[in-house]
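Given only the sequences and the hints, what does the whole structure look like? Please build it.
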Amino acid sequence: MALEIGHSAYDFSLPGVDGKTYSLKDFADKPVLVLFFWCNHCPYVKAYEDRVIALAKEFGDRVAFVAINSNDPTQYPEDSFEEMKKRAEEKGYPFPYLFDETQSVARAYQATRTPEFFVFDEERELKYHGRFDDNWENPDQVRQEFVRDAIIALLNNEVPHYSQTPPIGCTIKWKV
Amino acid sequence: MRIELLYYPECPSHERALELLREALRAEGVDAPIEIIRIDTQAQAEQHRFIGSPTIRINGIEVDPHPELPYRLTCRTFVHEDGRLSPLPSLTMLRQAIRQAKEVSNDGT
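Heads up: the sequence lines are chains H and E, in that order. In terms of this note's numbering, the first sequence opens at residue 325 and continues consecutively. In terms of this note's numbering, the second sequence opens at residue 24 and continues consecutively.
It cannot be assumed that every hint is accurate.
[Unchecked claim] Keeping only pairs whose Cα atoms sit at most 25 Å apart, straight-line, the calculated SDA-like set for lysine to any residue is:
| no. | chain 1 | residue 1 | chain 2 | residue 2 |
| --- | --- | --- | --- | --- |
| 1 | H | K410 | E | T64 |
| 2 | H | K499 | E | L96 |
| 3 | H | K409 | E | S109 |
| 4 | H | K410 | E | E91 |
| 5 | H | K410 | H | N480 |
| 6 | H | K415 | E | E104 |
| 7 | H | K344 | H | A380 |
| 8 | H | K499 | E | T64 |
| 9 | H | K410 | H | R375 |
| 10 | H | K410 | E | R61 |
| 11 | H | K499 | E | I84 |
| 12 | H | K410 | E | D63 |
| 13 | H | K415 | E | H103 |
| 14 | H | K410 | E | T100 |
| 15 | H | K499 | E | L92 |
| 16 | H | K410 | E | R95 |
| 17 | H | K381 | E | D105 |
In case anyone wonders, no lab produced these hints; they're calculated from the structure.
As structure tokens, then:
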């Protein structure tokens, strides 16, 4: 059970691959915040990577995109902070990529998967939670772009048509 | 022909993988049962040489072999012919693996 629709965004203080430390106030100038749990190793993340980058580039001037990796890198070395830096550079991530080493942010948001998206309005109330779109397998056959539609609705001061969809992807790799 | 599909239930791709595998078998005219093996623990992953979900073997040979990868509970990534990364093998990869298995059987090797 993830954060309920209407719930306020939890603040955090996390290191980014660019050497900066980020919290919610760093995104306060944007009317929409898309926070998503992410990682390096998961094939669902890889399948969505180019789509998310494209969306971030399309809306980057009005929407803050923030990727958070909460996976335990001792079990999954591809998800270490060093590997995160490499991945962000290779792909040219147009958004901060943050490391939630203690996994406290994932727990606060009650996130379970990568990728898993949380879209907040200007008041930083949750308006959409779930998957990116309706076809992880084939980008050419997407019919519902849930995150994109939520962004557009919020930028138009409207309520997103879909507020929740089940996230699909790898489970977050918790520390044992 | 011995066909195995090994999966880790926390990885949601296995049902679609099974559909794809059945589609590939039909397309190649192979009527053989699919042995479905569920992997829940690291010990099982090691016992079954499981590098991620889904793992598909035909006559014991991996459809997309990666001997460099460790045995573990994870979802695996496949690189499709167009370079796209996916949690599933492509239909082409599966059909090719089935064809190769048939050829080896016909050669008697």
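Practice item. Run the structure past the numbered hints and jot down the numbers of the failing ones, going up. Key: 1, 5, 10, 11, 12
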